[in-house]
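S.K.: One-letter residues, chain by chain:
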Amino acid sequence: MPSWGSVDSPVNSGMSTYYIKEAYHDTKVPNLVTAVLADYRAFDTMFETCVVFIAMLGIFTLLKKDDEQDAAIQVNTVTNDQDNDSLIIRVAARFMTPFIQLFGLYVIAHGHHSPGGGFQGGVILGASLILLAMGNNMNYVKQFLSIPRMILLSTIGVLIFAAWGLVPLLFNKPFLDYSSWAVFMPFTDAVMARSHSMLAVEIGVGLTVMCGMYGIYMSLVSDGGMDKGL
Amino acid sequence: MMHLNYIAAIILMMMGLWAMLAKKNIIKKLIGMAIFQTGIILFYISIGAKSGSTIPILDHHHLHDPVVVANYANPLTQILMLTAIVVGVATLGLGLTLARKVYETYNSFNEDEILEKVKDADD
Amino acid sequence: MTNQLPFLVVGIPLFTALFIGIFGLFNKSLIRPIGIVGILLSTLSAIQLFLTVTKSNVPVEYFFGNWKAPIGIAYSIDNLNALMILMIYVVSFLAFIYSLNSVKLEISTNKHVHYYTLYFLLITGLVGITITGDAFNLYVLFEICALSGYALLAIGGKRAYLPTFYYLLIGSIGACFYLIGVAYLFVKTGTLNMAHLFELLPVIYFSKSILIGFIFVNIGLFIKMALFPVHGWMPNVYSKAPVSTTCLMAPLGTKLSIYILMRFYFDVFSTEYVYQVLNIQYILVWLATFAIIAGSLYAIYHQTYRKIITFIIVAEVGYIVGGLWIGNQDSVLGAIYHIVADSLMTLALFMISGLILFLIKKDRVEDFKQVFSKLPMTTIGLIVVFASIVGIPPTAGFFSKFYLIKGAFLNGYYHFIVALLLSSLTSLFIFFRFFESYFYNKENSDEQLQIKEPLLMTIPLICVAVLVLGFGLSFEFWHDYILEIIPMGLR
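Taken in sequence, the protein lines are chains A, B and C. Note that the numbering used here has the first sequence beginning at 1, numbered continuously upward. Note that the numbering used here has the second sequence beginning at 1001, numbered continuously upward. Note that the numbering used here has the third sequence beginning at 2001, numbered continuously upward.
Rather than coming from a laboratory, the hints here were simulated on the basis of the structure. Keep in mind that a hint or two might mislead.
Said to hold, decoys possible - Here are some of the chain C residues that sit facing chain B, going by a computed Cβ distance under 8 Å:
#1 Ala2154
#2 Thr2164
#3 Ser2172
#4 Ile2173
As the list claims (entries may be wrong) - Derived DEER-like restraints, expressed as beta-carbon distance ranges:
#5 C:Lys2055 - A:Lys142: 54 to 62 Å
#6 A:Ala200 - C:Leu2044: 25 to 33 Å
#7 B:Asn1110 - C:Ile2047: 48 to 56 Å
#8 B:Lys1028 - C:Glu2199: 43 to 51 Å
#9 C:Ile2047 - B:His1061: 27 to 35 Å
#10 B:Lys1028 - C:Lys2158: 35 to 43 Å
#11 B:Asn1110 - C:Val2058: 56 to 64 Å
#12 B:Tyr1103 - C:Phe2432: 39 to 47 Å
#13 C:Phe2290 - B:Asp1112: 24 to 32 Å
#14 A:Phe95 - C:Val2037: 46 to 54 Å
#15 C:His2479 - B:Asn1110: 52 to 60 Å
Said to hold, decoys possible - Some residues of chain C that are not near chain A, with every Cβ distance over 12 Å (derived):
#16 Ile2020
#17 Ser2029
#18 Leu2030
#19 Phe2093
#20 Thr2117
#21 Leu2141
#22 Ile2144
#23 Ile2170
#24 Asn2193
#25 Thr2271
#26 Trp2286
#27 Lys2361
#28 Arg2364
#29 Leu2421
#30 Glu2476
#31 Phe2477
Ideal Cβ positions, reconstructed from N, Cα and C, are used throughout, including at glycine.
Just need the whole structure built from these sequences, with the hints factored in.
M.R.: Set out below in structure tokens:
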């Protein structure tokens, strides 16, 4: 087995040398990890997004109470004392959330030049929603992100990724060949079309991961009732 | 020192596997699964390390210089492990859901008690 | 359009799942039409792909993102792949038609949307496993199958939670062992593409890392295919899960893991490495023998129909891997033929279990007198399927057993022949035990009214019975077709 940190082991002198040398010329994206993740191996990333989607959908479906159990539980739930008593936590959570979300959007958008990308930014956005739900009541978050809307948004996230790759099929190119998008984007050539497509695809990933993280949290914490907070 | 990463990864994997098989509490089995997957992730990432290299992001000011491969860490292993981490989180989420449902049905987290109740209810 | 076919067989179920997920939330009655359109289009694509591959001599290739083979992810479809994809779609199509009725009976209405989304994502994962040419893409799709499988199995209610939890733990161990095996191969070669590995491995055949990688990949796949010592998760899960799920998962889940093992043996570690450098076939054929014997004996022991058929699956897995390890042209041909035959038989067995559970409400052996007297279509299906399991010509099961026995005889593995015959005898014994409860318990013959079997559930069953017969009758064609798959080293 090659020793730790060796520069000429088969792993470090195999396929990865192509990626390090040519990724900037092919895609104009300095972050090599994002370039390989969202372009060369984009098919893997699409299925990884599906994995998050399946996890959220599976956890939600398993924990969701059927209708007759719901009716039995309504009698016992007291929703009034779920409001968080501490004024400091409520105000601090609401104050910090816009900055966290702005940082999450920055991480998604700046994934081309710094460490980041769809998954990382999506988790930060999901964390901001969880912070709001923990600081206040879960019903507070449900006002603007109700459960059907959350499932719909996560499905749309995966659909953005898959549909973005479907367009090259019209030109008889393989799936996820971003250079075909140069026809639809003015003033871009094939290489820049790859760079912009990676951003679009990462937005889809970020959307799904945000809804996925929040959905997993919500289902597990409220045990399917979807109406209590912490 | 030269093979320390392999030893560390294998120790983690073995600890996780032992926890999954030998512990009686089903939550501890899930924690063992998480440790096992972390060991694998450590294994992959450590084989992509290069001594004296920096992160695999090309520097803004030197974008048009020829690239020296040995200066940048291997991006391929990191990408594979991004996927593996996400898969691990998803499996852990589903595992916790199932553990919670098992608790609701049998009112215990201990494997022996649950199997007793299953035997009484079956056949 | 034909050169986009490799993508279409994976992409259409994915888009169907997403559209069901979006439109089903607004209007529940859209779920079934979208599902039917999706599965029809993808089955047609699979048939078209099969015909294309049959006509061409070289494997059909498809590069995602237009990046050539080791740089991007590549699909490569040869005879074996095309056969597996056709098998997956035939089984999924019939299982979906069956589920249109059975889902209403088992799963609460507000969960139908999510059930069908996960259903189509499971089909996507299963097709993706067979068609991919990249070792890490295989792991991701494996996990998609596994995760959607856990969710679909656990929807079944209280009795399904604990077995599904154990399946989750053991399945994760299996997938992680596969990943460790790929890690060892990656350490020594630096690439993940299967064709590229095939070129790079022969130089380093004698290194220990490749041996360890081989062992880990094997053990991971053994866990997933429920081979004898590590089969413990399967009987509980498949006997307590909802019927609509088991009709899709049981025929395909274990068989595709065997397909992956074959793909690794033929196209990553070449047959030279597996059969000549390693030379461990003797031990492994003994393992397969024990698998067959154990499966058959457990099947006799149990009294519930669903447990009996899961143990029959354990025995059948033993046939296929035994045939693969014997390493003879005839035995490998029998093994590949048996993969398809067995998935059709398993589908029929689980469809029958659903009919029995919904209409008679109990499935112990002594309740079978009601089956024979009240459910005529189910009885016909049961007779055809058991004839195939026992191995009566001209059903498909006869040809696979014949070629397995012939291959084992040519290489001198007589214990394998004994195990095969023993398994046929035990299947015959099980079937006659069902019949016996009909002939000897005729006291309550005043309730002779026939129960109306739902049409949407019996038509797929009769289709599968016809396919089992047809697959056997058309054996000449399949013989020549499968012969092209077997690599030169084994002929």
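S.K.: Taking the hints in turn, state whether each one holds.
M.R.: Right, here's what the structure says about each hint:
| no. | hint | verdict |
| --- | --- | --- |
| 1 | Ala2154 | holds (6 Å) |
| 2 | Thr2164 | holds (6 Å) |
| 3 | Ser2172 | holds (6 Å) |
| 4 | Ile2173 | holds (7 Å) |
| 5 | C:Lys2055 - A:Lys142: 54 to 62 Å | holds (57 Å) |
| 6 | A:Ala200 - C:Leu2044: 25 to 33 Å | holds (31 Å) |
| 7 | B:Asn1110 - C:Ile2047: 48 to 56 Å | holds (52 Å) |
| 8 | B:Lys1028 - C:Glu2199: 43 to 51 Å | holds (45 Å) |
| 9 | C:Ile2047 - B:His1061: 27 to 35 Å | violated (56 Å) |
| 10 | B:Lys1028 - C:Lys2158: 35 to 43 Å | violated (23 Å) |
| 11 | B:Asn1110 - C:Val2058: 56 to 64 Å | holds (58 Å) |
| 12 | B:Tyr1103 - C:Phe2432: 39 to 47 Å | holds (44 Å) |
| 13 | C:Phe2290 - B:Asp1112: 24 to 32 Å | holds (29 Å) |
| 14 | A:Phe95 - C:Val2037: 46 to 54 Å | holds (50 Å) |
| 15 | C:His2479 - B:Asn1110: 52 to 60 Å | holds (55 Å) |
| 16 | Ile2020 | violated (9 Å) |
| 17 | Ser2029 | holds (17 Å) |
| 18 | Leu2030 | holds (14 Å) |
| 19 | Phe2093 | holds (22 Å) |
| 20 | Thr2117 | violated (6 Å) |
| 21 | Leu2141 | violated (6 Å) |
| 22 | Ile2144 | violated (6 Å) |
| 23 | Ile2170 | holds (18 Å) |
| 24 | Asn2193 | violated (8 Å) |
| 25 | Thr2271 | holds (24 Å) |
| 26 | Trp2286 | holds (32 Å) |
| 27 | Lys2361 | holds (21 Å) |
| 28 | Arg2364 | holds (28 Å) |
| 29 | Leu2421 | holds (43 Å) |
| 30 | Glu2476 | holds (37 Å) |
| 31 | Phe2477 | holds (32 Å) |
Hints 9, 10, 16, 20, 21, 22 and 24, counting from the list given before, are not met by this structure.
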